[in-house]
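Q: What follows is the residue order along each chain.
There are 2 protein chains.
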Amino acid sequence: MIKVKAITVGRCKETWLAEAMAEYKKRLTGKMDIEWIFVENDGEMIAKTEKESLLIALDLGGKMLSSEELSHKLFTEWGSRLAFAIGGAEGLPAEVIRRATFRWSLSPLTFTHQIARLLLTEQLYRAIEIEKGSSYHK
Amino acid sequence: MIKVKAITVGRCKETWLAEAMAEYKKRLTGKMDIEWIFVENDGEMIAKTEKESLLIALDLGGKMLSSEELSHKLFTEWGSRLAFAIGGAEGLPAEVIRRATFRWSLSPLTFTHQIARLLLTEQLYRAIEIEKGSSYHK
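Chains as they are written, first to last, in our numbering: chain H, 1 to 138; chain L, 1 to 138.
Hints are supplied without guarantee of correctness; some may be wrong.
[Claimed, not checked] Some but not every residue of chain L turned toward chain H, in silico, with C-beta under 7 Å:
| id | residue |
| --- | --- |
| 1 | GLU19 |
| 2 | SER66 |
| 3 | SER67 |
| 4 | LEU106 |
| 5 | SER107 |
| 6 | LEU109 |
| 7 | THR110 |
Derived by calculation from the structure, the hints in this document are not laboratory data.
Glycine is no exception: its CB is placed at the ideal position from the N, C-alpha and C atoms.
Could you build all of it, start to finish, from the sequences and the hints given here?
A: Here is the structure:
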């Protein structure tokens, strides 16, 4: 089973986001284990990410991927232990971006980091369904 | 006030999505009026969109925009009466895409149409905040 750490600034305050995340957590049971790590500031983000050997930085300046490309990277390139870093309103510290194995841009649109969390989760779930060839992704 | 129609296939079933939409509806009060129109099939989608003179089709094959570009288009190009069409799992009917004033791709990622609804709403709210120069978008 793939084990993912998702390191992010600021807790989940919106009820709707908590519910959406709980829904995807349920769907991911037995398929992927996502551990959410909440940090308070850039210093903690740097500390929490520096031991990660496979680190994906969510960054507007990164490369965009289709869902199929993400699935391919996840299953053939990145391996089963990886960490995603999602910055706050100011983005990620330069040091984290520099260290990252891959800089991933979800879209040229700017999203709240709450929405970025939802998109990451849904795309990871979708990546699994793409790999399985299920009807979720068609 | 900008009046937007958002024409979409399938109702909102997820509680979390309904809550998120209610939250943005509240925030948009007095700024933008979004009318959600739910259709059941392609035929209804074609019927509901054919009288729209300014129609934006959400389409993976369309052009991507930054949030700033979307805001600019909304306030200087598209005018105050417009409609967005969001397809179901199979995307929009070719006729609707052909008729559209603009084909907009949110991202190279595939999203559920529920998530597309949330992203559209948040980006419209963000577009207003960009135009106002508020701190929501920085």
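Q: Under 7 Å, Cβ to Cβ, is where LEU109(L) needs to be relative to chain H, so tell me if that hint holds or is violated.
A: holds (5 Å)
Q: Answer holds if the nearest beta-carbon of chain H is closer than 7 Å to that of SER67(L); otherwise answer violated.
A: It holds, given that the least Cβ distance between SER67(L) and chain H is near 4 Å, below 7 Å.
Q: Let's test the interface hint: is any C-beta of chain H closer than 7 Å to that of GLU19(L)?
A: Cβ of GLU19(L) sits 4 Å from chain H, so the hint holds.
Q: Should the interface hint for SER107(L) be scored as holding, given a Cβ-Cβ cut-off of 7 Å against chain H?
A: holds (3 Å)
Q: Is the hint on SER66(L) kept, meaning its closest Cβ partner in chain H is under 7 Å away?
A: holds (4 Å)
Q: Hey, does the THR110(L) contact hint survive, CB to chain H under 7 Å?
A: OK, holds: THR110(L) within 7 Å of chain H, min 4 Å.
Q: Given LEU106(L) as an interface hint, is the shortest Cβ-Cβ distance to chain H below 7 Å?
A: Holds - the Cβ of LEU106(L) comes within 7 Å of chain H, reaching about 6 Å at its closest.
The structure shown violates none of the earlier numbered hints.
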